[in-house]
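Whenever a hint applies, use it, and build me the whole structure from the sequences.
Residues per chain are reported as follows:
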Amino acid sequence: MKTASRILAWNPLWIVALLCSVNLLLHGCAAKPPVRETVARPPAREATAAGSLLASAHQDVQAGQFNRAEATLERAIRVEPRNAWLWHEMAQVKFGQEDYGQAVQFCLKANSLAGRDSTLIRQNWLLMSRAYAKMGDMDKAEQAKMKAGAAN
Amino acid sequence: MFKKKKSAPGKGQKKKIKSLRSAITTVAIFVLVLSSVAIIFYANYLDKVIRAKFDGKRWSIPAVVYARPLELYPDLAFTPDMLEEELQLGGYRKDQKASAPGGYDRKGNVMHLVTRDFHFSDGLEKSAGVTVEFIGQRVAAITRTDTGERLSLARIDPARIGSFHPREHEDRVVLTRTDLPDLLVKSLIAVEDQHYYIHFGVDPLAIIRAMFVNLRAGETVQGGSTLTQQLVKNFFLNNQRTLWRKINEAIMAVLLEMHYTKDEILTAYANEIFLGQDGGRAVHGFGLASQFYFRRDVKDLSPAQVAMLIGMIKGPSYYDPRRNEERCLQRRQVVLDMMRADQVITEEQYQTAKAARLESSDTIMSGFNRYPAFLELVRRQLDRDYREEDLTGDGLKILTTLDPQVQMKVEKHLSATISTLEKRTGRKGLEGAVIVSSRDGGEILALAGGRYPLKPGFNRALDAQRPIGSLVKPAVYLTALANGYTLATPVDDVAITLASAGAKKWHPANFDKKEHGRVALYEALAHSYNLATIRVGLDVGVAKVVDSVRRLGVDRDFAPYPSFLLGAAPMSPLEVSQMFQTLAAGGFYLPQRVIGSVLTADNKVVKRFGLSVEQRFPANIVFLLNNALKRVVSEGTAEALASYVPDYIQVAGKTGTSDDMRDSWFVGFTGDKLAVVWVGRDDNTPTRLTGAGGAMVVWGKIMQSLPVQPLELPEPEGIEWARVDTGRPFDDYFSANTMLPFLAGTTPRQTVIARPAEQQPAPPPAAEKLQQAGTGLWKTIRSWFH
Numbered sequence: 001m002k003t004a005s006r007i008l009a010w011n012p013l014w015i016v017a018l019l020c021s022v023n024l025l026l027h028g029c030a031a032k033p034p035v036r037e038t039v040a041r042p043p044a045r046e047a048t049a050a051g052s053l054l055a056s057a058h059q060d061v062q063a064g065q066f067n068r069a070e071a072t073l074e075r076a077i078r079v080e081p082r083n084a085w086l087w088h089e090m091a092q093v094k095f096g097q098e099d100y101g102q103a104v105q106f107c108l109k110a111n112s113l114a115g116r117d118s119t120l121i122r123q124n125w126l127l128m129s130r131a132y133a134k135m136g137d138m139d140k141a142e143q144a145k146m147k148a149g150a151a152n
Numbered sequence: 153m154f155k156k157k158k159s160a161p162g163k164g165q166k167k168k169i170k171s172l173r174s175a176i177t178t179v180a181i182f183v184l185v186l187s188s189v190a191i192i193f194y195a196n197y198l199d200k201v202i203r204a205k206f207d208g209k210r211w212s213i214p215a216v217v218y219a220r221p222l223e224l225y226p227d228l229a230f231t232p233d234m235l236e237e238e239l240q241l242g243g244y245r246k247d248q249k250a251s252a253p254g255g256y257d258r259k260g261n262v263m264h265l266v267t268r269d270f271h272f273s274d275g276l277e278k279s280a281g282v283t284v285e286f287i288g289q290r291v292a293a294i295t296r297t298d299t300g301e302r303l304s305l306a307r308i309d310p311a312r313i314g315s316f317h318p319r320e321h322e323d324r325v326v327l328t329r330t331d332l333p334d335l336l337v338k339s340l341i342a343v344e345d346q347h348y349y350i351h352f353g354v355d356p357l358a359i360i361r362a363m364f365v366n367l368r369a370g371e372t373v374q375g376g377s378t379l380t381q382q383l384v385k386n387f388f389l390n391n392q393r394t395l396w397r398k399i400n401e402a403i404m405a406v407l408l409e410m411h412y413t414k415d416e417i418l419t420a421y422a423n424e425i426f427l428g429q430d431g432g433r434a435v436h437g438f439g440l441a442s443q444f445y446f447r448r449d450v451k452d453l454s455p456a457q458v459a460m461l462i463g464m465i466k467g468p469s470y471y472d473p474r475r476n477e478e479r480c481l482q483r484r485q486v487v488l489d490m491m492r493a494d495q496v497i498t499e500e501q502y503q504t505a506k507a508a509r510l511e512s513s514d515t516i517m518s519g520f521n522r523y524p525a526f527l528e529l530v531r532r533q534l535d536r537d538y539r540e541e542d543l544t545g546d547g548l549k550i551l552t553t554l555d556p557q558v559q560m561k562v563e564k565h566l567s568a569t570i571s572t573l574e575k576r577t578g579r580k581g582l583e584g585a586v587i588v589s590s591r592d593g594g595e596i597l598a599l600a601g602g603r604y605p606l607k608p609g610f611n612r613a614l615d616a617q618r619p620i621g622s623l624v625k626p627a628v629y630l631t632a633l634a635n636g637y638t639l640a641t642p643v644d645d646v647a648i649t650l651a652s653a654g655a656k657k658w659h660p661a662n663f664d665k666k667e668h669g670r671v672a673l674y675e676a677l678a679h680s681y682n683l684a685t686i687r688v689g690l691d692v693g694v695a696k697v698v699d700s701v702r703r704l705g706v707d708r709d710f711a712p713y714p715s716f717l718l719g720a721a722p723m724s725p726l727e728v729s730q731m732f733q734t735l736a737a738g739g740f741y742l743p744q745r746v747i748g749s750v751l752t753a754d755n756k757v758v759k760r761f762g763l764s765v766e767q768r769f770p771a772n773i774v775f776l777l778n779n780a781l782k783r784v785v786s787e788g789t790a791e792a793l794a795s796y797v798p799d800y801i802q803v804a805g806k807t808g809t810s811d812d813m814r815d816s817w818f819v820g821f822t823g824d825k826l827a828v829v830w831v832g833r834d835d836n837t838p839t840r841l842t843g844a845g846g847a848m849v850v851w852g853k854i855m856q857s858l859p860v861q862p863l864e865l866p867e868p869e870g871i872e873w874a875r876v877d878t879g880r881p882f883d884d885y886f887s888a889n890t891m892l893p894f895l896a897g898t899t900p901r902q903t904v905i906a907r908p909a910e911q912q913p914a915p916p917p918a919a920e921k922l923q924q925a926g927t928g929l930w931k932t933i934r935s936w937f938h
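The listed protein sequences correspond, in order, to chains A and B.
Going by my numbering, the first sequence opens with residue 1, and the numbers climb by one from there.
Going by my numbering, the second sequence opens with residue 153, and the numbers climb by one from there.
By construction, these hints were calculated from the structure, which means they are not laboratory data.
Glycine included, each C-beta is placed from N, C-alpha and C at the ideal position.
Hints may be right or wrong, so weigh each one.
Stated by the list, open to error - A few chain A residues that don't get close to chain B, going by computed Cβ distances all over 10 Å:
no.	residue
1	A49
2	S52
3	Q59
4	G64
5	N67
6	E70
7	G96
8	L108
9	M135
10	M138
11	D139
12	A148
13	N152
Claimed, not checked - Chain B is faced by these chain A residues, among others (derived, beta-carbon under 8 Å):
no.	residue
14	A47
15	T48
16	R68
17	T72
18	E74
19	R75
20	I77
21	Q102
22	F106
23	K109
24	S112
25	G115
26	L126
27	M146
28	G149
29	A150
Here it is, written out as structure tokens:
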């Protein structure tokens, strides 16, 4: 309830979350042949459960509270497991925890769910590029950067 | 002279004797002092040991295991009935006003409840009054009861589902002195130690009496041990009947009585006494024993039940009610006689108890330790993933992934469907196992280790190792797709003979004993054709298939024999579940988890094993395979699933049947859940069930009863779709036109033409030849497409 009420107060972050969700709605499901849309639709003026959790996790990431952000994101993923933005945020958490291998893996997972969301795909490759650089793998870092450039 | 002579040495002798005496006295005193010191030291040592042990045991509070917390949010598929069920499991009480934490009040489709404070790994979730409104099968809105403010999410404190000592391989339900009912205490004293409240740890009268009885009988028939001595024995000593042990036991018993009150010792005894064996786990204490044998709390035991448990102290396995019913019953009657003689029970109670049947019930009383099969997995993952020193604290909280809703449905439908299947096949003794996990999180939501969820013993979900039959085929085709095959690659489902040095020739056959000629790869998977699978598997190499199975998450060595391609290798349902988890998650390996986090009693996070992912197979290859697995359900061996789960769910799955129909398997996943079902017999004899006829029915019934989401397969980059004309005349199995996905650049430009079996070249008899010819043949076929 804490997170929920925090989010319901005016907060620029839930707008971010809302935008993310809308983005997902537009791009998240690109599989052919088409299947029924099941991504949770945010009510007109309300944050979705996953959206509010994402915003809360995002705040924690900004504040360097990575462990709490991780737990919150796991909750969000339980609610909306196919939401690629949640997996990307998890990659950010892993990066913050200096677990660069997992940061890359979560970006790959996010990409596998991103469909045609080029904004997200680009962000994933950029983060992967930074993670590879941290791991000292400059070749892969460079490749990832190029893929980020190609994602637009 | 003589005398003198005699006396001279006499004088000297006297002196000598004197000095000898004084020497002896000195030595004796020395020895006495030394041994006194030694005894004091020894007693002191024993004292320390016993106090350390007793204090340690006395304050040892078991870990409590929780289910997953229920998260409610608008649009969640959930009903008020389900919520009420959850709340009751969590110990909520129905309360007209729902005014205090842990209370709820339901008015039709509106539920008012007040949650309780709960510490999660991400912090404290404060108690809150919440109103949940439902419309149809969904949550419509959640509001704060006081302000009416809308909430996007409400997390309810989770239900307690069990407790155990993580470091000890035994369960315990720890009782305090006030938890011990009078009936139990009085009966215990009447039977085991009549002078308990008088003696000082040892009861000389009882020992003398026992000696007489034993002498007369010529063997040991009665023990003179007090409860205190028995407790000491349980704590420290082995079961050998040596004098040394008896002495130690007596000293320690006296020491124990010096330090602790009678009530403290009695309570420790009641928690410590060994009362049976549950598989590999010892059952200690009356608290656990009454759960284990009667599924009820100690305070609810009847005189007959108390008598049975007390009777079992003498020999828990000798008087085991489940194995030696008659013997146990006789012993109980003896105990009842003693209870009446000491006026612990009235004549009327005695008569009722004496006439009572020996019940060791399967029926359920409370929600505690209600999911033993799941808890077993919790215990194993604790052992595996957590360091021992992390688990030393008292009162740890173990937050698990168990979803009570799913678990209830799994238990219900496994049990009911197996009964139906028994009637249909006319064979009794069927068993089964189920594991359900979340598709993208790898969290195990429910687990059944047998058809009777409360019956302790063999946990088939974890420990049954059975040939997986055709469940291995997805691994074969995944390997093929990663090695140049497409879903439309023509493959020959034609007889083949395999020979290897020193072994008999092997003539594998299809389930229907027919050959199906040239078919597209996806058809071979959808219809589970054995001959085509063997040819494909041999072409790519059995070792590569074994490697795929390993990368899918079954990290074991399997001999790369051709029979591996038809699933001869045995696996547990849990291993199968992990293997398909990787496919369901799009090629990402995620270790399946049952523990979310472990917190100390003061709510510090001990350690978290969070979500982790590792890409093991390229997303595009898995995408192709999963599309083919959907066709298993839409047009293949699992077509009958449609009568349970509607088409739009688009389940991807695979049936599996082992030789002679000994094992019936089904694995499938929806948009949100993966489930594995095994049905078979413990004695490994035929079941007369195929995968679709047995396990799939259980799977279908479970999913039918749960809200499930449609399976969407997000399309990775570089996928092309093409309409494939299999060229096959329309028949029962195939539609003439099929849309299939291909990796960019591999889409066939020509129609795939299938030829009837008889027009095909005769297959080469030996494996080596096939390998050669096969490779050439496939190359030719594939070259048509490039």
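- Hey, is M135 of chain A genuinely clear of chain B, shortest beta carbon separation above 10 Å? 15 Å, holds
- Message: Minimum C-beta separation from G64 of chain A to chain B exceeding 10 Å: can you confirm that?
- Response: Answer for G64 of chain A: holds, closest chain B Cβ roughly 15 Å.
- Message: Just want to verify: A148 of chain A was marked as not at the interface with chain B; is every Cβ pair farther apart than 10 Å?
- Response: 14 Å, holds
- Item | Nearest-CB test (10 Å) between chain B and G96 of chain A | Non-interface label on G96 of chain A holds, nearest chain B Cβ at 13 Å vs cutoff 10 Å.
- Message: Verify this label for me: S52 of chain A is non-interface relative to chain B, using a Cβ-Cβ cutoff of 10 Å.
- Response: The assertion about S52 of chain A is violated, with a minimum of 5 Å to chain B.
- Message: Would the hint on I77 of chain A be counted as holding, given a Cβ-Cβ threshold of 8 Å to chain B?
- Response: Check passed: Cβ of I77 of chain A comes within 6 Å of chain B, closer than 8 Å.
- Interface-negative label, D139 of chain A against chain B, beta-carbon threshold 10 Å: D139 of chain A is indeed farther than 10 Å from all Cβ atoms of chain B, at 18 Å.
- Interface hint for R68 of chain A, Cβ within 8 Å of any Cβ on chain B: 5 Å, holds
- Was the hint right that M146 of chain A lines chain B, CB cutoff 8 Å? With a minimum Cβ separation of about 15 Å from chain B (threshold 8 Å), the hint on M146 of chain A is violated.
- Query: Beyond 10 Å from chain B, beta-carbon-wise, is N152 of chain A?
  - Reply: 14 Å, holds
- Message: Checking a non-interface call: every C-beta of chain B should be farther than 10 Å from the C-beta of E70 of chain A. Is that right?
- Response: Label violated. Min Cβ-Cβ 6 Å, cutoff 10 Å.
- Hinted contact G115 of chain A with chain B - closest CB pair below 8 Å: 5 Å, holds
Checked against the numbered hints given earlier, the structure breaks hints 1, 2, 5, 6, 8, 26, 27, 28, 29 and satisfies all the rest.
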